[in-house]
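Asks: Protein chains in written order, with this note's numbering: chain A, 1 to 720; chain B, 1 to 273.
A hint or two may mislead.
[Said to hold, decoys possible] The calculated lysine-lysine pairs, modelled on DSS-like cross-linking and capped at a C-alpha distance of 30 Å, are:
| # | chain 1 | residue 1 | chain 2 | residue 2 |
| --- | --- | --- | --- | --- |
| 1 | B | K29 | A | K712 |
| 2 | A | K57 | B | K2 |
| 3 | B | K2 | A | K53 |
I should point out that these hints are in silico values taken from the structure, not numbers from a laboratory.
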Amino acid sequence: MEGKSGKGVGASLLRKEDERHLRGRGEFVGDIQRPGMLEAAFVRSPVAHARIKGIEKPAGFEDRVFTMDDLADVKAIRAVTAIKGFKPSDMWPLARGKVRHVGEPIAVCVAATRAEAEDIAAQVYVDFEELPAVVDMVEARTSPPSLVHEEWGDNVFLETLVDDDFTAVRARAPIKLRRHVRTARQSMAPMEGRGVLCEWNTRLGQLEMYSSAQMPHINRSGLSECLGLDQGAIRVIAPDVGGGFGYKGILLSEEICLAWLSRRLGRPVRWLEDRREQLVASTNCREHDYDITIYAERDGRLIGIDCDATVDSGAYSLYPFSACLEGAQVASILPGPYKMEHFRCHTWSACTNKPPILPYRGVARTGVCFALELMMDAVAREAGMEPYEVRLANLVLPSEMPYDNITKKHFDSGDYPEAVRKAVAAIDLPKWRARQKAGEADGRRIGVGLSVYCEQGAHGTSVYSGWGIPMVPGHEQCFARLSPDGVLELRIGAQSHGQSMETTFAQVANEILGVDPDKVRLIHGDTALTPYSTGTWGSRCAVMSGGAVATAAREIAQRVKKIAGKLMEVAVEDLVLEDGKVKVAGTDKQMTLAEVAHVWYRAPQRLPADVDPGGLEATVGYKPQRDTGTFSYACHAVVVAVDPEIGHTEILDYVIVEDGGTLINPMVVDGQIYGGTAQGIGTALYEEMNYDGEGQPLASTLADYMPPDRPKCPNRASST
Amino acid sequence: MKAAAFDYEKPADVAAAVKLLSGAQGMGKVIAGGQSLGPMLNLRLAQPQLLVDVRGIAEMCAVTETPEALTIGACVTHARIEDGKLPDATRGLLPAVAADIAYRAVRNRGTLGGSLAHADPAADWVNTLALLDAVAILQGPAGRRELKVTEFMHGPFATALAEDELLVAVRIARLSKAARWGYYKFCRKTGEFAEAIGAMLVDPERKVCRAVVGATTSVPHVVADARAIAERFMPDEALKAVEAAGLGDDPYERQMHFAALKRAAARMHGGGS
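Extracted from the complex, chain A is given alone in its bound form (with noise of 0.2 Å):
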């Protein structure tokens, strides 16, 4: 589908986005200097857990070296959920008493560049008494070897359970099968990692901090509450991000102390994460442990579903998701696009002396799908079956939707099982299971791999309200401004890092404006100049941003087409918007959206009497009717060889059919899938954060953790 001028909705637009950054003229945080600026470097923990029996600074540098004592007037992240039960933690900027994971930040250290100040980070003395490390997410809850925050009693974040009687479930289902599944912890690795620049300035009375954030409204609120500032004295700008993935999803400690430093020196300060800070001192994600149980008919029919499900949450609650986010979610979401009778889920958010955890791409899914999808491959076998047959036995069908999962969840639409025939048509699986029965001649297996899932998008108040968390999303906002030259300025709360809303918003306000792309400017990014927003995640801003931006194009079309009415002396609804211009059905009168601005900024006096004194700008807000979320959904195929002798895996083939609804830019939406493939890839055969019995990453540097890189990923995808 084609808007009416070729560059609207559903048009491949090459990316607004690429001229900089294509060009290496893009703007990050480690491109931005300050005349006098500092920069800091953090003294981290070496060791997973102790207890700090004192910090030494080094002589002649007191001034220099600053630590939780000398942030006195600073509270703690303090990320709390309405769960009833949920334990929060004090994670305080710099270590107070005890250090909970290896890469904790101590102290912090500033000089005129990062050498010297890691110079003097060298220097400072701390003195630790080790305390046993809780390493393992089961054993921390059920045998701990020390406990992580003492006053808890326990190394448990949060327990749910949602229960279901299972007795007769367990003496009538004839398929019965049990497993035990782990997925690693990892490492979002974006290739840009965080940086943070603050300035005080003097004459607002206000912080300005640059920091490669994906919810700028959101770091500034936290801001406000740790360092006790209105919220108007703070300034968060998120320039260029390379990457988020959920990894910039979060109020930093490291952002509290360079606030805190720019105003207690008078002077720019900087932090830039290297790559190794990267990897084991901040987040990590996805370390999931599922005891599953699943019982089906022996025609593969689904019974039902009951689960001990273990996320390792790490050592502390992190601002603004919490540590009962990812746990809460794989109860809500382990059924799949399945369906069922009985489901029972058990979920512990244990705490561990590890980085804490953030969602990343997809809250909780990744882990999920595949606890599930080898249970479906598990029945297929026992009931003789071909994969794909039993998820076919199973999926929702188009005739039911829209349908309430057995979790409450709302699909709003779709053909699952359509997704599944088509990617095994693709694929041709005829093919490679008669290639499977005549063996390879260089005594590789090829395997065949199947995986569904439907995901919600764009969570609203309701799925967010009942966890409490310190940010629930309610609506969208977007300000527009037609300018006196015709150009169209949007401004949204969100942050755009790969998501490319700088082409899509334009294709949005195209097809309704009728404006062309290149005379559109979208603002992100900064709470100075964009409404409240609670930012860039869980698959929102097409919907909720990209509502906000359609809603005020609108808006200001009306607005637009009242002024010009009157100045043609036509009824408004005689008039069109194509092409940049304002024409009257039907005749070949018309103006052009800038001599409609120019009259009402330049020239009032030609403005009839009566026009809305708002003028041609605009801030309006977006909601869903409902604000259950989307879910789109997908099948992917795989074919692999699997060398038996080295373990080596080559991806013969790939498949992937999903509906993404109606598609913006259907190229920005491959983007999105080969990314998030080629991130699945790296899920299932390279990428592990590992940790020793101490607590110790083992996998410091990117020689050690390998995300997938470009002759593991397949040529080509052919995607439906």
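Mind docking chain B on chain A? Use the hints.
Replies: Positioned in the frame of chain A, the structure of chain B alone reads:
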């Protein structure tokens, strides 16, 4: 992280470099391509007070040949070898190995001597030069000395080099026309250091039949009489070599190194993957 402060010198000849190293009293470090030392400096795993850049020393960039041998200056890059800029004294072994080291960007700067002196057990040259029974030419304040590469490397990241000694060049005996070789390495990802290396060389005219179990936990394990592995691949003998290399206990290491030997043999005989 950023490197700790250091001084930098770029001497024009070997004697000057040796003098600088002597003066540094153990706090000097030689840098050529910097492909391993660079990251080590930035991670502060190495904190020398003086870096001696040897890339300006003509002798160390030179390649000379005689009917019997090829002498390669320590500063010759992997890329020069890959591109066939050196006389081929090894029946194509050196260019083939060079072409598979890390990425081209690394090969443009990384050097043969730097790799050998760094002595990472998983590095290609460490193992290839052990297979070829090459000779390392060293120079210190007391003059030159020569050591077999197998004696040059003492262990992981440990060599016979004294603090004020320089690896100047490597000499490789010319292979005969009848010589055949096989080399196999397994990396989880393109450009990574190898998990396992298997290498073999049969040169009947020179009465050479050697095999190397490479990417061990220490020095390359050389099988000087490898007829039972190289001429005809006997699995039991290959497993014995893997065990003798100290890799018999861990099932993964044992299997990977066994497979590397098996595939090196298959490649030498013109087949396999």
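Asks: Taking the numbered hints from earlier one at a time, note which ones the structure violates and give those numbers from smallest to largest.
Replies: 1
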